[in-house]
Structures are given as structure tokens and as C-alpha cells.
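Okay, here's what each chain looks like letter by letter:
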Amino acid sequence: MRQTEIAVLDKASYRWNQEEQPDQLYRGHNNQPNFLQRRARCWGIYRRRYSNWSEEVSSGIHPSSHQQQDEDPGKSDAPVDTGIRYAPYAIPPCHRRGTFQKQDQTHVNMEREQKPPERRTEGNKQDETSGSWFKIMVPFGIKYDEKWLLSLIQKQCSVPFTPVEFHYEKMQAQFFVENANIAFALKNINGKIWDKNNERVCVKDMTRISIFVSPSDAPCSVQKELKSEKLTMHKLYDVSRQSLDIHKLRFDPALVTLGVEMVPNPGNDMAASLQIHGENMPKLLPWNLSNTKPCQLADLSTTMQNASNIKNLNLPSNEVKAAGKLDKGQGLEPEEMSADRNSLCTTFPDKSTNISSILELFPKLLSLDSQESRPPTNFGIEAHKRLPTCKGSFFESDALKSLVLQFLRQYYLTYDSGDRQGLLGAYLDKACFSLSIPFNPEDPAPSSLCEYVKDNRNIKKLKDPHLRLQLLKSTKHDIVRSLCVLPTTQHDFSSFVVDQWLQTERVLCFSVKGVFKEVVGKSQSSVRAFTRTFIIVPASNSSLCILNDQLFVRDANPKETHSGLFIPVPTPASSSVPTLSQEQQEMVQAFSTQSGMNLQWSQKCLHDSHWDYTKAAQVLALLKAQCKIPEEALTQTDPGS
Amino acid sequence: MRRFRGHWEDWRRRRERSDYFHERPGRSHSGSGSRTREDVVTRPLPEQAASGSQMAMSVDFKTYVDQACRAAEEFVNIYYETMDKRRRALTRLYLDKATLIWNGNVVTGLEALNNFFEMLPSSEFQVNMLDCQPVHEQATQAQTTVLVVTSGTVKFDGNKQHFFNQTFLLTAQSTPNNTVWKIASDCFRFQDWASS
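Keeping their order, the protein sequence lines are chains A and B.
Once you know that position 526 of the first sequence is 526 in my numbering, the rest is easy, because the numbers rise by one and skip nothing.
Once you know that position 193 of the second sequence is 834 in my numbering, the rest is easy, because the numbers rise by one and skip nothing.
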């Protein structure tokens with residue numbers, strides 16, 4: 001290739017090169033000597049290592065170690081007439097991954113850098129190489145035979161290169177190269193190479209071959225080398241301590257001969273290395289990442305497959321990025337961690353918060369910085385934490401229990417009566433009431449609960465301050481007015497679970513949870529579940545009045561719908577004796593004696609069972625089994641008192 | 642700081658006169674007292690007149706509601722995030738004598754709360770509903786109080802996901818420059834608990 005034909009950059013390569021300040025490199029066709037000097041300088045690096053390479057910089061053509069066609073070297077930009085498939089648009093029956101020879105892959109890259117060597121030679125270590133992988137793509141490369149294509153490229157390219165993992169992907173041909181220099185050179189020849197139409201050799205029928213270069217991670221085959229060889233890991237794996245020192249990994253001579261790049265971003269390599277671990281060394285315990293460069297611990301953990309095997313995490317002098325990322329460390333549960341001098345510390349105001357944050361993120365930690373800062377029990381390292389058993393209603397005392405239950409009875413008596421005006425006396429003048437229904441992100445506009453939607457006050461979703469104020473009813477008249485428009489209900493007292501959570505001399509607070517039916521004539525009525533919070537204060541006439549009332553209504557789940565038999569709160573009407581036949585009265589008496597319930601409830605039960613004694617007995621047995629017989633059913637006094 | 646405080650007072654009075662409402666981050670600017678990231682802090686409360694129902698209306702009910710909403714929103718965000726991600730710091734959000742009733746289990750006092758939260762498996766909360774009401778001072782001893790009710794889903798490690806309802810009573814502890822909200826009472830229940 002003549003030196004004067006250094007390519008004009010196409011857009012793609014220029015974009016990519018912007019970070020690399022292409023000016024310095026590519027205006028070289030006017031400053032040839034500088035360009036060559038720079039290249040010579042960096043190739044000096046190769047010279048030291050790769051003695052089998054030609055040192056003829058200026059010729060631009062290097063007999064590389066891989067196979068080449070016999071072509072006229074001087075006519076590299078003319079169409080080449082060998083090696084072309086004669087079916088330009090057919091996908092070849094076999095395209096295989098390129099074989100390549102690796103005897104030249106003997107450099108270890110100490111740092112991940114994407115800058116061309118020229119820029120780093122100032123003041124950098126002498127054993128530094130270009131250190132990164134680039135992916136070369138040839139669109140429609142599938143038309144071309146691998147060898148032919150590679151040799152064509154090589155002819156044009158001033159720098160000898162060894163393509164890694166040549167393969168076809170869809171219509172493209174792709175391969176990897178390992179240093180920025182080569183990548184630049186390849187970019188250079190974009191648009192400079194041509195194929196030939198299979199039938200004719202006219203210039204106008206030729207197709208320009210494009211080459212696109214982009215930075216990339218190490219190709220899989222390289223990573224797989226680790227796996228298939230296994231030598232590195234074995235070498236570094238200290239069987240006695242069952243530890244893997246990543247620090248040493250990068251300097252390992254075995255790795256050097258393997259020509260594997262170890263980038264300080266452990267994510268990729270850890271993935272490979274831990275895959276090995278999973279197979280061979282299931283008990284990887286300590287893991288030393290000390291003195292690594294910015295370690296993205298988050299990437300680490302998400303790429304690991306066997307992270308749970310890591311028992312000891314050594315991260316001193318590490319720039320672990322923001323603790324928040326550590327949250328993603330699923331499966332990362334080390335038992336020992338050394339994180340001193342870690343810049344993780346700077347995220348938090350003080351060391352103890354830092355430590356506690358680390359402790360929270362890694363709950364199985366036994367030792368931090370070689371100190372057991374707290375006794376093991378407080379680390380939560382017990383085998384499994386369990387949820388406490390769920391229990392029923394809670395009252396601070398029996399007296400409070402009866403007080404609360406009585407209040408609820410009276411309240412719902414009126415509430416279910418069909419006329420809620422009677423509740424005016426239950427609220428203070430300055431009481432507050434609001435209502436809310438669940439918000440399901442997956443079903444934001446459900447059709448049920450439509451009666452409650454207009455009053456729904458969910459300030460998580462409702463941001464308008466005026467609406468927020470409006471939906472909070474704040475005088476007793478407003479409250480009762482809005483209660484009256486809600487559907488008529490029938491609450492199942494037996495389903496009530498009450499948590500009485502605060503009591504002072506000024507206030508009594510509790511939450512009731514239960515189910516109710518919406519009574520809509522005789523048709524099938526909906527069963528709803530609710531949680532209602534009351535804040536009650538003693539009122540002037542030594543009764544209790546409501547100061548705050550918050551009601552949450554949702555659809556009942558199937559279990560709730562079928563449990564309980566909706567024994568309604570006994571209304572005054574039911575306590576007055578309706579005309580019962582003689583037979584019915586005897587039934588009631590017998591039932592009461594047999595069940596232990598008082599007459600009113602026995603009557604109620606029989607009535608609900610349509611005076612079928614057997615059925616009533618069954619119902620009763622069921623209630624008993626579910627422990628759902630309300631206390632007042634068993635008292636022998638009038639429940640209205 | 643002193644100079645800033647003067648500005649702060651002016652600004653606050655100007656804000657109260659206007660009806661303009663906007664969301665403000667809850668962090669106050671004062672450095673008084675040690676404050677950790679878990680504290681829920683809002684700007685100072687409007688001055689309350691002495692008791693007497695007529696006088697108490699010198700402060701708009703709307704202001705109380707706005708303030709309650711703001712405190713509730715911020716509080717809920719911090720509470721559940723702390724519960725999920727910094728469980729050990731959770732008890733900083735509770736008063737010393739606070740009570741928690743968790744599915745019928747009662748836990749009182751900071752030490753018991755500490756043990757309780759540590760015993761609880763790690764959690765992942767998702768709050769879908771939030772409602773709040775200001776609580777009139779008749780119920781409290783002139784301590785500003787807000788009732789907060791939340792609902793959503795929670796997944797405890799090793800257990801299936803549950804729907805939950807939770808009720809908080811928040812109390813404000815006011816200093817001249819900021820207000821710190823803490824939980825006086827906490828009531829938590831799964832919607833589908835079973836007493837087995």
C-alpha cells in the first residue's frame with residue numbers, strides 16, 4: 001500500500017475517533033515522517049516482544065504468519081481475482097468460525113485503555129501495550145471467503161494483524177483484533193478494498209468493501225480459553241486456603257503465555273473464572289481484590305454465576321463505587337470482608353454508618369476488617385429469619401377490649417341500618433374523614449369499587465393540593481353527608497379483627513379489619529373487605545366521639561368472601577320478638593339450650609337457616625370450629641344493653 | 642448561620658401569606674442538633690395559638706392538611722426505603738416509647754423494636770396507596786400529629802408476597818428551624834393473614 005493513500009475517514013470511524021483526537025494520527029498523510037516515527041515508536045514495543053515479525057515499517061506489508069494467497073503485492077488496491085465466491089448473494093453452505101493461530105498472542109495487558117499507544121508513550125511504563133479488543137465488521141462479508149477477505153484486508157493494512165474469532169454473523173463477517181493500532185489501521189482501509197463481480201471484471205461492477213471498527217470486550221473464545229485450559233485458575237487457586245488471589249492473576253506468567261488479556265474490570269473475567277470455579281472449585285472462599293483499580297462491584301455480582309460461593313471479600317484500597325450499587329449484589333454473601341481505606345467510606349458520613357451499611361448489604365458477614373464488631377447473633381447470620389406468627393385482635397386490656405367492641409357494635413348498628421344520619425352524634429365537630437381504595441399498578445382503572453372511586457383519596461397518586469383538601473371531609477356534617485352516599489352495607493361482625501394500638505388519657509386509637517356486604521336489593525351483592533382506623537376521644541357527655549376516621553375499602557379475596565356467614569350485628573328490631581309459632585319458639589328454646597347461645601342469637605341463627613334445625617346446628621358447628629361465635633351471642637343478657 | 646436564620650424567618654412568613662403551594666424537599670438547612678439521613682424533617686410548623694377553638698383557626702386548616710401531606714409523603718418514602726435497605730437504622734424513626742403491632746404481635750420500646758426488626762427477614766415493599774389526616778391537638782398534648790395510612794405489597798425473604806395495610810401515628814418534634822417527625826404508633830397487618 002502506498003503511503004500516500006491513507007484513507008479519508010468515513011463518518012463512522014471519525015465519530016469513533018473523536019475521543020482519540022484523530023488529528024494527531026491521521027493528518028499524517030501530510031506529515032509522513034511524524035506518523036511513521038510515532039508508529040515506529042510504538043512498534044518498538046512489539047519489536048521487543050515479537051521477534052518473528054518483520055521490522056520493515058515503511059513497506060506496509062508484512063508477511064504475517066497466517067496463510068496468504070499468492071497475489072501481486074503491488075496491486076493491492078486493484079481487484080483481486082482469486083478467492084471470491086461465485087455466488088455473491090448466496091449464503092455459503094458452510095461458514096465456520098475462523099481458525100487462527102495464536103502464537104503471536106503473547107502480550108499481557110495491564111490496563112484497559114482505548115487510547116492508541118502514541119498517546120500513552122509519554123511517561124508510561126514500558127511494558128504497556130495497547131490493551132484492548134476491537135471488533136471489525138465487514139458488512140455483507142458473508143459473500144466472501146474468510147481467507148480471501150483476510151488476506152485482502154491484510155494487504156491493504158499497513159499493520160500486521162491476527163484476526164481472532166473470525167465468524168459470520170447474519171450478513172456480516174466479523175473478527176476481533178487486539179490492539180488499537182491495528183484497529184486504526186483497519187479503519188484506515190475502509191472503502192479502500194474492492195471485490196469483483198463474479199462475471200465481469202469491470203470497475204463499475206465492483207463493490208466497495210466497507211470495514212467498521214468498534215471497541216469491544218474480549219471475544220468469547222478468548223474467555224473460553226480460560227475455561228478450556230484451566231491452568232491459570234488452578235495455578236492461582238491456593239488449595240490449602242481455598243482462595244483465589246485476583247491480584248496475582250494479572251501477573252501470572254502462565255497467563256502471559258496464553259496471551260490472555262486481563263482487564264481490571266473484573267466483571268467479564270470473573271464471569272469466566274467463576275464458571276470454572278463452579279465446576280472445579282465449588283468452595284472458593286477468600287477472594288482478594290485488593291489494589292485493583294476501580295472495581296465495579298455491581299457489575300461483578302451481576303455477572304457472577306457462583307457468587308454465593310464467595311465467602312471472603314477482600315476489598316481494601318478499592319474504589320468501590322457508590323454503595324447503592326452494592327445493593328445489586330444478589331448472591332454475594334461473603335462472610336469476611338476487608339474494606340478498609342475503601343472509598344466506599346466516603347459515601348457515608350461516618351464510619352459506623354458505613355460499617356452498618358456494609359453489614360446490611362452483606363448480612364452474613366462475620367468479620368469486618370478482621371474485627372468482629374458485634375456478637376454473631378446481631379449480625380443476623382442465623383440460618384433463616386422467620387416471620388412472627390400472625391395473631392388475632394390485640395387489646396391492651398380486657399376493659400379496653402369491651403369498650404372498643406361496644407363502640408363498634410353501636411357504630412355499625414347505625415352504619416348498617418340504612419340511615420346513617422344517626423352517626424352525627426358519633427363525630428366531633430372538627431372530625432376528619434377520608435376514604436381510599438387500593439391502587440393496582442397493573443390495573444389502574446378497575447370497574448369494581450366504582451362507588452368509592454370519586455371519594456378515593458390516595459395522595460401517592462393525587463398531587464393537586466386543592467383536591468387533596470377537598471377529599472378530606474372535615475366537619476361532621478360533611479362527613480355524614482359523604483357516608484350517606486356510600487352503598488348500604490352489612491358488616492360481618494364475626495370477621496372483625498381489631499388492633500388497638502394507642503391509648504392515652506386523651507385518646508384511644510384502633511384499626512378494624514373485616515368484611516361487609518353491599519346490600520343491593522335481592523341480587524348478588526358484592527363482598528368487600530375494609531380496614532378502618534378510628535381515633536376516638538372522650539366527649540363531654542362521657543361518651544366516645546370520633547376525631548379521625550380513615551376507611552380503606554378493597555374487594556374481598558375468595559377466602560374472605562366465603563368465610564363467615566355474615567351474622568349481622570343484631571338490630572333492635574330483631575331483639576323484639578316477632579310472632580313465632582309455638583313450634584318455632586320451642587325450637588329456639590331447644591337450640592339455645594343446646595348451643596349455649598342466648599335466645600336472641602339462637603332465634604337469629606334459626607331464622608337464617610329458614611327454621612331448619614339441623615341446618616342451623618350445622619351452621620353453628622361450623623362457626624364454633626372457626627371460633628367465630630361472637631361473645632355477645634353467648635351472654636344471656638339483652639345485647640342491646 | 643445567624644444571618645441565614647433571619648432570611649429564613651422572612652421567607653417563611655412570606656410563604657404563609659401566599660397561597661401558593663409547592664413541593665419542597667424535606668431537608669431543612671439548619672445544622673442544629675445531629676441529624677442522620679433517616680430523619681424525616683420538614684420546615685418549621687406554623688405557630689400555633691394557645692388552645693381555644695376560635696384562636697386555633699388563626700392557622701389555616703389547609704396549612705395543616707398541606708403540612709400533613711408533605712410530612713406523610715416524605716416519611717413514607719424514607720420509612721420503606723430504610724426498612725428495605727437500611728433495616729438497622731429503622732428504629733431511628735420511632736419515638737422511644739413507640740409501639741408496633743405487627744399482625745397482632747405487640748412490640749414496645751426501642752430495644753424491642755430493634756430486636757424485632759432484626760429478626761424480620763429482608764423485605765421488599767411496594768406502596769400503592771397513601772392517605773393521611775392531621776390529628777387535632779385535642780387528642781395530643783399540643784403535639785402536632787398526623788395519621789398516615791398506607792397499603793401495598795411486601796415480599797419478605799423466604800415468604801410469599803402479601804398485601805398489607807399499615808397505620809402510623811406521626812408526631813412532630815419541633816425546633817425553631819426544623820421539624821423532625823417520628824412514629825408514636827405503628828400498626829401493620831397483612832390483608833391475608835391467617836391465625837395459624
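I should point out that these hints are in silico values taken from the structure, not numbers from a laboratory.
The beta-carbon is built from N, C-alpha and C at its ideal position, and this holds for glycine as well.
Heads up, some of the hints might be wrong.
Said to hold, decoys possible - Each computed DSSO-like pair below joins lysine-lysine, with the alpha-carbon atoms no more than 30 Å apart:
no.	chain 1	residue 1	chain 2	residue 2
1	B	K703	A	K385
2	B	K796	B	K703
3	B	K703	A	K454
4	B	K823	A	K559
5	A	K624	A	K391
6	A	K430	A	K391
Said to hold, decoys possible - A short list of chain B residues far from chain A (calculated; beta carbon distances all over 10 Å):
no.	residue
7	L751
8	F766
9	D798
10	P817
11	V821
Query raised in the report: Which numbered hints does this structure break?
Result: 1, 2, 4, 6, 9
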